[in-house]
Amino acid sequence: MSQKQEEENPAEETGEEKQDTQEKEGILPERAEEAKLKAKYPSLGQKPGGSDFLMKRLQKGAVNCLRAFPGVDEIQKYFDSGDYNMAKAKMKNKQLPSAGPDKNLVTGDHIPTPQDLPQRKSSLVTSKLAGGQVE
Amino acid sequence: MIPGIGALAQDTLWCFSQVKGTIEIGATEADIISTVEFNHTGELLATGDKGGRVVIFQREQESKNQVHRRGEYNVYSTFQSHEPEFDYLKSLEIEEKINKIRWLPQQNAAYFLLSTNDKTVKLWKVSERDKRPEGYNLKDEEGRLRDPATITTLRVPVLRPMDLMVEATPRRVFANAHTYHINSISVNSDYETYMSADDLRINLWNFEITNQSFNIVDIKPANMEELTEVITAAEFHPHHCNTFVYSSSKGTIRLCDMRASALCDRHTKFFEEPEDPSNRSFFSEIISSISDVKFSHSGRYIMTRDYLTVKVWDLNMENRPIETYQVHDYLRSKLCSLYENDCIFDKFECVWNGSDSVIMTGSYNNFFRMFDRNTKRDVTLEASRENSKPRAILKPRKVCVGGKRRKDEISVDSLDFSKKILHTAWHPSENIIAVAATNNLYIFQDKVN
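Going down the list, the protein sequences come from chains B and Y.
Per the UniProt record's numbering, the first sequence starts with residue 1, numbered consecutively.
Per the UniProt record's numbering, the second sequence starts with residue 1, numbered consecutively.
Hints may contain errors.
[Claimed, not checked] Here are some chain Y residues pointing at chain B (derived, C-beta under 10 angstroms): (1) Thr-12; (2) Cys-15; (3) Lys-20; (4) Val-54; (5) Gln-58; (6) Val-75; (7) Val-126; (8) Ser-127.
[To be verified] Now the in silico label distances, taken between C-beta atoms and shown as ranges: (9) B:Met-55 to Y:Glu-128: 58 to 66 angstroms; (10) B:Asp-83 to Y:Thr-28: 19 to 27 angstroms; (11) Y:Ser-355 to B:Pro-42: 50 to 58 angstroms; (12) B:Asn-85 to Y:Cys-241: 29 to 37 angstroms; (13) Y:Asn-319 to B:Asn-85: 49 to 57 angstroms; (14) B:Ala-32 to Y:Ser-63: 54 to 62 angstroms; (15) Y:Thr-41 to B:Met-55: 54 to 62 angstroms; (16) B:Met-55 to Y:Arg-132: 23 to 31 angstroms.
[To be verified] Here are the computed lysine-lysine pairs in the DSSO-like style, where the Cα-Cα straight-line distance is at most 27 angstroms: (17) Y:Lys-90 to B:Lys-90; (18) Y:Lys-334 to B:Lys-38; (19) B:Lys-88 to Y:Lys-50; (20) Y:Lys-220 to B:Lys-56; (21) Y:Lys-90 to B:Lys-56; (22) B:Lys-38 to Y:Lys-347; (23) Y:Lys-90 to B:Lys-36; (24) Y:Lys-125 to B:Lys-56; (25) Y:Lys-250 to B:Lys-38; (26) B:Lys-36 to Y:Lys-334; (27) Y:Lys-250 to B:Lys-40; (28) Y:Lys-347 to B:Lys-56; (29) Y:Lys-419 to Y:Lys-398; (30) Y:Lys-419 to B:Lys-36; (31) B:Lys-56 to Y:Lys-334; (32) B:Lys-36 to Y:Lys-250; (33) B:Lys-36 to Y:Lys-420; (34) B:Lys-56 to Y:Lys-419; (35) B:Lys-36 to Y:Lys-404; (36) Y:Lys-122 to B:Lys-88; (37) B:Lys-88 to Y:Lys-250.
It should be emphasised that the hints constitute simulated quantities derived from the structure, not laboratory data.
Given the structure is predicted, the values throughout are model-derived calculations rather than measurements.
The C-beta atom is built at its ideal place from N, Cα and C for all residues, glycine as well.
Next up, chain B with everything else stripped away, as it sits in the complex (with noise of 0.2 angstroms):
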């Protein structure tokens, strides 16, 4: 329609019509987003806003899935906390550094101070932006 406009008048669109025709294709690509989405995922619920979308939000928190997509569950849950420490473990096996040489004169020779013991943490890295390229 806004077509044959344009061809009626091609040298003379006034200020209203073309924010009037600006103002449909501003709503349309919403709505045709939503269409495509619609026909992706038919079983997506109509209200995003819904509690079990929040539900979700609420458990999940700072990561940002709200996908409301039946049967993803992104919540990666642990049995306990054994579970839990296995996991860890796990990850962290590649990034143990071996132990220095420091450590074994701690225990037994004498009785250790806090300058002695390592630190607790040591697989710890130091944050990249502390250390490296400063410009």
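The hints should help you fit chain Y onto chain B, whose structure is shown.
For chain Y alone, coordinates are given in the frame of chain B:
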């Protein structure tokens, strides 16, 4: 150069100053910067990352020899603020990611800041030590105890100068007060209290007391099935210690006065822009969710950021914002794929400049946008290594929406949605900005004549 005033004569020119972090493409997730904040004087700049670490940069004193090189920010202190924890009751991991850092105003030689992850807020003290006691009687130089039988004389330990050491110590830990994930913390103007907000509740703390907090907002419904909205951000008024605002996932802002009642479930003011029902779509509510709310320095206005726009509201007018700025409206025709890749849920922050005349927020492709409220002009700039020559002027960028693409422009389909600028900060009084681009921190300054 007075911020904002220069824009009357000509647009501010932004130049590259520094970049922190490494270039490597496969950076670890822990390096992703999750918050950036200047302190009240702008002397310090703090960053928090996904690995629970805080890095504080300090501006070096400007030397009279190098007038055209304004003070650069160098590492001052770094520490591990939060560590991953395990919630035994829910069998869930508690991420160590630092969600927010807020500085306290300086009251003595030490610096204090609040840092928070999803569940726990911590007050950190950062202090300098440049003297050390020497000449103990009972300890030797390495600190090992001496055998008292070998000591024949006594001496008085003296303080001797040493290399500057910056220590960070946790002074308070405010834990176990939030069932849901903390999204905001805000220091009150009374400097005695602060608030922490999660998805459904806001708590008021006294800095001295860690085992108690007042619940001041609770929007949890009795029946969770009736849940319709969550709290997305909250902030105290900069001058009135009784006033605060919080934003919601439905695009509304509530202003509360703590003098009215202990539990501020009933708002004093309610800010909402009416929506044309014919414009409503599946995405409407999601893109209207406010990701950040910030008071202006004057305390007269609030700025909100939703997915596609930044809005400025006058506290005296609740029925609509006084200004609306389009950040990246071209994304409206991409909402389907942005929903599928979760980008539609990205939480962008927004900041005011020192004089409240310019506002800034991030976008994709490492673009960030500035809007001058007076001239109504806006600019898109990019944080990239390609523009990293010292004092190189940043060239404005432009996204081409359709049709003919000019040489410098980038088309919407070429935007890199993994390069998102969610966190930025503006120096409180000068035209210096810090922009977090994934694992890199860029510092830009305006051109010095």
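Outcome of the hint check:
Interface restraint check: Thr-12 (chain Y) against chain B, minimum CB-CB distance 22 angstroms, threshold 10 angstroms, status violated. Checking Cys-15 (chain Y) against chain B by beta carbon gives a least distance of about 13 angstroms; that is not within 10 angstroms, so the hint is violated. A hinted interface residue such as Lys-20 (chain Y) counts as satisfied when its beta carbon comes closer than 10 angstroms to some beta carbon of chain B; here the least separation is about 5 angstroms, so the hint holds. Hint status for Val-54 (chain Y) relative to chain B: holds, with the closest Cβ pair at about 8 angstroms, below 10 angstroms.
At its closest, the beta carbon of Gln-58 (chain Y) sits 12 angstroms from a beta carbon of chain B; the interface hint therefore is violated under the 10 angstroms criterion. The beta carbon of Val-75 (chain Y) is positioned within 10 angstroms of a beta carbon in chain B (closest approach about 5 angstroms), and the interface hint is therefore held. This hint is violated: Val-126 (chain Y) has a C-beta 14 angstroms from the nearest C-beta of chain B, more than the 10 angstroms allowed. Hint status for Ser-127 (chain Y): violated, given a least beta-carbon distance of 18 angstroms to chain B, over 10 angstroms.
Between Met-55 (chain B) and Glu-128 (chain Y) the CB atoms are about 47 angstroms apart, so this pair departs from the stated range of 58 to 66 angstroms. Evaluation of the 19 to 27 angstroms hint for Asp-83 (chain B) and Thr-28 (chain Y) yields a pass: the beta carbon distance comes to about 24 angstroms. A hinted range of 50 to 58 angstroms for the beta carbons of Ser-355 (chain Y) and Pro-42 (chain B) is consistent with their spacing of about 52 angstroms. With their beta carbons about 44 angstroms apart, Asn-85 (chain B) and Cys-241 (chain Y) fall outside the hinted range of 29 to 37 angstroms.
Hint check: Asn-319 (chain Y) to Asn-85 (chain B), Cβ distance near 54 angstroms, so the stated range 49 to 57 angstroms holds. As the Cβ distance of Ala-32 (chain B) to Ser-63 (chain Y) is approximately 58 angstroms, the hint placing it in 54 to 62 angstroms holds. A hinted range of 54 to 62 angstroms is violated for the C-beta pair Thr-41 (chain Y) and Met-55 (chain B), which are about 43 angstroms apart. Between Met-55 (chain B) and Arg-132 (chain Y), the C-beta spacing of about 55 angstroms breaks the proposed range 23 to 31 angstroms.
The suggested pairing of Lys-90 (chain Y) with Lys-90 (chain B) holds, with an alpha-carbon distance near 22 angstroms, which does not exceed 27 angstroms. At most 27 angstroms may separate the alpha-carbon atoms for a hinted pair to count; Lys-334 (chain Y) and Lys-38 (chain B) meet this at roughly 14 angstroms. Taking the CA atoms of Lys-88 (chain B) and Lys-50 (chain Y), the gap is near 16 angstroms; set against the 27 angstroms cutoff, the hint holds. For the hint linking Lys-220 (chain Y) to Lys-56 (chain B), the alpha-carbon distance of about 15 angstroms falls within 27 angstroms, and the restraint holds.
Simply put, Lys-90 (chain Y) and Lys-56 (chain B) have alpha-carbon atoms about 14 angstroms apart, close enough for the 27 angstroms limit, and the pair holds. At most 27 angstroms may separate the alpha-carbon atoms for a hinted pair to count; Lys-38 (chain B) and Lys-347 (chain Y) meet this at roughly 24 angstroms. A hinted pair counts as satisfied when its Cα atoms are at most 27 angstroms apart, and Lys-90 (chain Y) with Lys-36 (chain B) does not qualify at roughly 37 angstroms. The suggested pairing of Lys-125 (chain Y) with Lys-56 (chain B) is violated, with an alpha-carbon distance near 36 angstroms, which exceeds 27 angstroms.
Taken as a hint, the Lys-250 (chain Y) and Lys-38 (chain B) pair is honoured in the structure, with Cα atoms around 22 angstroms apart against an allowance of 27 angstroms. For the proposed pair Lys-36 (chain B) and Lys-334 (chain Y), the alpha carbon gap of about 10 angstroms is at most 27 angstroms, so the pair holds. Using a Cα cut-off of 27 angstroms, the hinted pair Lys-250 (chain Y) and Lys-40 (chain B) holds, with the two alpha carbons roughly 25 angstroms apart. With a C-alpha separation of about 17 angstroms, the suggested pairing of Lys-347 (chain Y) with Lys-56 (chain B) holds against the 27 angstroms cut-off.
Annotation: proposed proximity of Lys-419 (chain Y) to Lys-398 (chain Y) holds, straight-line Cα distance about 16 angstroms (limit 27 angstroms). Between Lys-419 (chain Y) and Lys-36 (chain B), the direct Cα distance comes to roughly 25 angstroms. Compliance with the 27 angstroms bound is thereby established for this hinted pair. Between Lys-56 (chain B) and Lys-334 (chain Y), the direct Cα distance comes to roughly 24 angstroms. Compliance with the 27 angstroms bound is thereby established for this hinted pair. With a C-alpha separation of about 23 angstroms, the suggested pair Lys-36 (chain B) and Lys-250 (chain Y) falls inside the 27 angstroms cut-off, and the hint holds.
About 25 angstroms separates the Cα atoms of Lys-36 (chain B) and Lys-420 (chain Y), which keeps this hinted pair within 27 angstroms; it holds. For a cut-off of 27 angstroms, the pair hint linking Lys-56 (chain B) to Lys-419 (chain Y) stands: about 26 angstroms separates their Cα positions. Restraint check for Lys-36 (chain B) and Lys-404 (chain Y): satisfied, since their Cα atoms lie roughly 25 angstroms apart, inside the 27 angstroms limit. Between Lys-122 (chain Y) and Lys-88 (chain B) the alpha-carbon distance is near 24 angstroms, which keeps this suggested pair within the 27 angstroms criterion.
Between the alpha carbons of Lys-88 (chain B) and Lys-250 (chain Y) the distance comes to roughly 37 angstroms, so the proposed pair goes past 27 angstroms and is violated.
Hint check: violations occur at hints 1, 2, 5, 7, 8, 9, 12, 15, 16, 23, 24, 37; the rest are consistent with the structure.
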